[in-house]
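S.K.: Given the coordinates of chain A, assemble chains B, C, D, E and F with the ligands onto it according to the supplied hints.
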Amino acid sequence: MSEFLSLAGQNLLSPIILSFALGLMASLARSDLNVPEAVAKGMSIYLLFAIGFKGGASVASYGLDARLGFSLLAGVILSALLPIIAFGLLKAMTGMNRLDAAAVAAHYGSISIVTFVAATSVLEGRGIPSEGYMVAVAAAMEAPAILSALWLISRSDGDSGKGMDSALMREIMLNGSIVLLVGAFAIGWITGEEGLKEIESFIVNPFKGVLCLFLLDMGLVAGRGLRGGGGVLTRGVLAFGVLMPLVGSLIGLGAGMLLGLSPGGVVLMMVLSASASYIAVPAAMRVALPEANPSLYLTLSLGVTFPFNLTIGIPLYVGIAMAVTGG
Amino acid sequence: MSEFLSLAGQNLLSPIILSFALGLMASLARSDLNVPEAVAKGMSIYLLFAIGFKGGASVASYGLDARLGFSLLAGVILSALLPIIAFGLLKAMTGMNRLDAAAVAAHYGSISIVTFVAATSVLEGRGIPSEGYMVAVAAAMEAPAILSALWLISRSDGDSGKGMDSALMREIMLNGSIVLLVGAFAIGWITGEEGLKEIESFIVNPFKGVLCLFLLDMGLVAGRGLRGGGGVLTRGVLAFGVLMPLVGSLIGLGAGMLLGLSPGGVVLMMVLSASASYIAVPAAMRVALPEANPSLYLTLSLGVTFPFNLTIGIPLYVGIAMAVTGG
Amino acid sequence: MSEFLSLAGQNLLSPIILSFALGLMASLARSDLNVPEAVAKGMSIYLLFAIGFKGGASVASYGLDARLGFSLLAGVILSALLPIIAFGLLKAMTGMNRLDAAAVAAHYGSISIVTFVAATSVLEGRGIPSEGYMVAVAAAMEAPAILSALWLISRSDGDSGKGMDSALMREIMLNGSIVLLVGAFAIGWITGEEGLKEIESFIVNPFKGVLCLFLLDMGLVAGRGLRGGGGVLTRGVLAFGVLMPLVGSLIGLGAGMLLGLSPGGVVLMMVLSASASYIAVPAAMRVALPEANPSLYLTLSLGVTFPFNLTIGIPLYVGIAMAVTGG
Amino acid sequence: MQTYKAKRVEITIENVMESRLTDALRGAGVTGYSVLPVLGGSGRSGAWSRSGQVSRAQGMVQVVCIIKPERLDALLDAAFEVVERHIGVVSVVDCDVLRAERF
Amino acid sequence: MQTYKAKRVEITIENVMESRLTDALRGAGVTGYSVLPVLGGSGRSGAWSRSGQVSRAQGMVQVVCIIKPERLDALLDAAFEVVERHIGVVSVVDCDVLRAERF
Amino acid sequence: MQTYKAKRVEITIENVMESRLTDALRGAGVTGYSVLPVLGGSGRSGAWSRSGQVSRAQGMVQVVCIIKPERLDALLDAAFEVVERHIGVVSVVDCDVLRAERF
Ligand SMILES: Nc1ncnc2c1ncn2[C@@H]1O[C@H](COP(=O)(O)O)[C@@H](O)[C@H]1O
Ligand SMILES: Nc1ncnc2c1ncn2[C@@H]1O[C@H](COP(=O)(O)O)[C@@H](O)[C@H]1O
Ligand SMILES: Nc1ncnc2c1ncn2[C@@H]1O[C@H](COP(=O)(O)O)[C@@H](O)[C@H]1O
Ligand code: NA
Ligand code: NA
Ligand code: NA
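Residue numbers (this note's numbering), protein chains in the order written: chain A, 1 to 327; chain B, 1 to 327; chain C, 1 to 327; chain D, 1 to 103; chain E, 1 to 103; chain F, 1 to 103.
Note that these hints are calculated values from the structure, not bench results.
Mixed in with the good hints, there may be bad ones.
Cut-off 25 angstroms, straight-line C-alpha distance, at most; resulting in silico cross-link-like pairs (SDA-like, lysine to any residue) [said to hold, decoys possible]:
1. D:Lys68 with E:Gln2
2. A:Lys197 with C:Glu124
3. C:Lys197 with B:Glu200
4. E:Lys5 with D:Asp73
5. B:Lys197 with C:Glu198
6. D:Lys5 with E:Met1
7. D:Lys5 with F:Glu70
8. A:Lys91 with A:Leu147
Chain A on its own, in the form it takes in the complex:
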């Protein structure tokens, strides 16, 4: 416990978290500080490329065990399953209508890659190794949750095709961040250790600093979301935003143990399950379920669950995984 507290304290006082806090406070105080859209997009391309590449290069170095296939499969199942649990919790805990509940649920099956990146950076800081292919698992978990949520809605409406068409399907599967993550993973895998050495001083050394500025922007965006959409956060909704990542992380813990992942891998599986999407899924929901309220799912995902995972969740998941795996 005391170890968890010290870890949490250490985490809370890291440049990464403090940058997020700075952004959050600046926008809550209505400062005009803002990061241009193009710069934020540029940083996210950098982070996805770097994290994918490093994952691939690590697979090239340490070889591939049979667990990759099972881990991908587990990711797909988790992503499809978690929305159903989330939907149930939402119906029980909040007064949300079915449409909004399904839209929110989709976010919690999918993942937040920045939460994942922050977790890998905490693991690295503590010297805990993890499977390089977890970035591939992250990519695999992006989309299934969307299908799952649309199925939840169509089931009750008796209209099986509702919202989903082939164009949307292609957009989801080929969405930029999946393609970049998987592509960079493949490049890292193919070029291996040597490729990594060539571009190390671009994708490894400055990584944490870029992450700070990116989280500064995330804080700004989360703060603006809370200012505009904070009204939707009834007590029940807020409680869901904190409970669901905990539930997700425990299910991720079970999956990670079952798969026999390393302690670091278990942590990442917990983080993926606990985190909620705020890029791919919101865009898909605007197309497929335009009547659902975007304030609800964006505020929950970005304004509640993301900061929760970043500050309390990650050290907690590390603590639990270490205790359970004895790592």
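M.R.: Here is chains B, C, D, E and F with the ligands on its own, set in the frame of chain A:
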């Protein structure tokens, strides 16, 4: 003297100054070379974050002496006082109307953070240490000059509230660059040496290179300003743009000596007093004194005083401070 | 031969080429992955500044031999001559009208700086030195091709001034990338070894990584071009897009040998002659020959010749130059 | 200078719907359109701003389409089908154009 | 397709005045507006361009506002008060809109 | 609020022609204009998009120009000369403006 000349020569032939000169010449020659607005903004976020963080981390390392409080106070007083001197000089040297003179004066009380950054980089290059908290002083000096200038105008109009309202007040105090500078300073202070080590290869190593590209853009902008607004530069106005930084620097020198700052700290106090704002103050003037001519204050601040400080001013201030403090 | 194959294989599996391939595949698969315009522009400013600066610094280190003047002259002549050859080939190999053929020809006299950058990075990887002033030759080759192509057209129309006016002339000569490349070259030359050391961790270390992301974007753009403009690629046009760089490279080989360049310098001369412009020339053609079909020249230059040079051309030119110079 | 009567239709619509709208416009025989960026705005569903996003879920664009008057109805029908369930605004203005053969 | 008469007001105004203008519009009962970026321009106060700035002091935006005709006067009064001392342009066009319930 | 009749001219033209157009407008006595970015579009010469470029060869901008009605013909003549050989669209709308002294 010969030492000053060699320092000046060395400064003039540094990549930083030459990048500025390249930008200036390119835009005077009407090349279409230009840096996208978002990229320029991204670089300025980087520079503010880095300089603030490093200042804070240095305070964490070397401890805080009682001078921080006095230095902040001195900064506020200088910022409020310099516009009054500038206003007097403008009335004496130029035919400017009161409104334009007050608007210009506000710029000279406030500061140019890029001039400050360039000066720290010269100090580092020469191995002259300075107080880390000078970045906090820089932040403190941004705003008071605006109030001072508005007071100058309202005094003569007998309309004390002219131009200033609470929304503008909040915008000035919470303007993005102040918030980012102070926030990064706080993060650097809290996370200290260790935090710095984590993100050093992002905020320290590439710093000077980013500064080159940023100054390239400043040169482009200054050149465009001179091309469009050069007509406002009568002989008197031009003379003011060179004299005022010298006057400011001497007042800064006095303040720095009084405070008992290190030689490097004295240089930075001189630079802050000598430099003129071209971000926060112009924006405030457009809101509060829309009838004042923006060509005048932008051309003076960015097209005359900024290049003067960058090329001649900084080595001169270093030379004077070294001579006076015996550093 | 087997050495060439191994070099080609090595080149094809480098992070740089694979990043390009990723972009190409992503856009052919109609993924929404895209790099914001401002970020792409920012990266190209970085690459031009870095490559220019390094070239200048290397001239400062290794001294300037008399060949610089001759090399620049050779560049100008090649740039003016190659369009005439290209025009002849186009008339022989394709059914293109004179206007389109002249517009396409202009592109092949001018150069692609990214191909040049990729080639220097291959040379560096193999430890083959080259003349630093080749970046100045690159700059010299940007514009003459345009005049040459406009002359080709005016000759047949009997209207000598067609398309060209003094404003366009200025735009071409002072186009942003020429100014930046030459300016950075001059700064590198003036500040030399020492200047390079100051900003090395910005312009040297992360260079290859930035190049990867830039080529990712080039792949995306090339793919979009092929998707939209692929229809113009008849068999003859396609054959031209592959044959012309080979022809150009051989002429460049001759020029490089005549000039007595180092093996690396010969490679770069071949690459410059083989590559086709996709920035300066298309813009000039839109002004001067608006009736020419942009799909034709953009698809050829960016969708055919650029990938050809990047993947097969560069290792081939290295192999030939090594064999011929015995380097 | 000879001008011709035409209609200028401006459709403000979410980013994510842009390609669906332009596909529909092409389907309705529209031969040309331009897409302009929108920085932010406010409406019944609240205020938004381009810099307040990490996702493209919320941004909007403005699709501008100049057409011959007789094509207006087909265009509006096509556009309406796309925007129907979505937020966004459709407005039509009378205009005069040069070079009528282009529309 | 059923359309309704409306007014399209376009106000080109400095960046720094944007929030003051939109506050005033809301105060005048305007329920929706969109903000478009402006890259540059020229007027009595000279020429400017977005890439020629390090500060947000000079840029402009275009606020577009579609309203019911009967609201026009209230809107113009509110807008005028904000732009009065400032540079900028206000223009009004007659338009037809779909989905009148939105305005 | 007192308004005045004016014409709003919108010219969508290639980036590379922007300065040539604005020079021509100034030559025709136009005192003010604004330039808006265009993200993409489609026309007889195919579809394009701002993110699909490495060069500024393909992008377009929209030049907006509000003028007194009596100046319209001079403006259109000047604009036509520039756009004649080029792709692009010119449209004119009747509008009302505040502060007529500005045009
Ligand atoms: N009356 C209006 N005039 C101009 N733009 C509007 C108007 N109403 C809505 N919009 C734009 O359309 C978006 C969605 O509107 P709404 O569907 O009302 O939430 C807003 O955020 C604005 O960008
Ligand atoms: N007649 C006009 N048509 C379109 N935009 C204009 C016009 N006049 C001024 N503007 C815009 O408003 C800005 C300020 O105009 P001004 O107040 O005349 O200096 C200009 O830079 C243009 O962006
Ligand atoms: N009818 C139209 N309405 C709006 N914009 C158009 C129209 N036609 C063409 N454009 C714009 O002008 C560009 C060139 O058109 P075009 O000359 O037809 O190829 C297109 O890519 C669009 O951005
Ligand atoms: Na999840
Ligand atoms: Na000052
Ligand atoms: Na060539």
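S.K.: Run every hint past the structure and note whether it holds.
M.R.: A quick look at each hint next to the structure:
1. The straight-line distance between the Cα atoms of D:Lys68 and E:Gln2 is roughly 18 angstroms, inside the 25 angstroms bound, and the hint therefore holds.
2. As the CA atoms of A:Lys197 and C:Glu124 are separated by approximately 14 angstroms, the hinted pair is consistent with the 25 angstroms bound.
3. For the suggested pair C:Lys197 and B:Glu200, the alpha carbons sit about 17 angstroms apart, so the restraint of at most 25 angstroms is met.
4. This hinted pair checks out: E:Lys5 and D:Asp73 have alpha carbons roughly 16 angstroms apart, not beyond 25 angstroms.
5. Taking the CA atoms of B:Lys197 and C:Glu198, the gap is about 20 angstroms. The hint holds against a cut of 25 angstroms.
6. Straight-line distance between C-alpha atoms of D:Lys5 and E:Met1 comes to about 20 angstroms, which keeps the hinted pair within the 25 angstroms bound.
7. Between D:Lys5 and F:Glu70, the direct Cα distance comes to roughly 19 angstroms. Compliance with the 25 angstroms bound is thereby established for this hinted pair.
8. At most 25 angstroms may separate the alpha-carbon atoms for a hinted pair to count; A:Lys91 and A:Leu147 meet this at roughly 19 angstroms.
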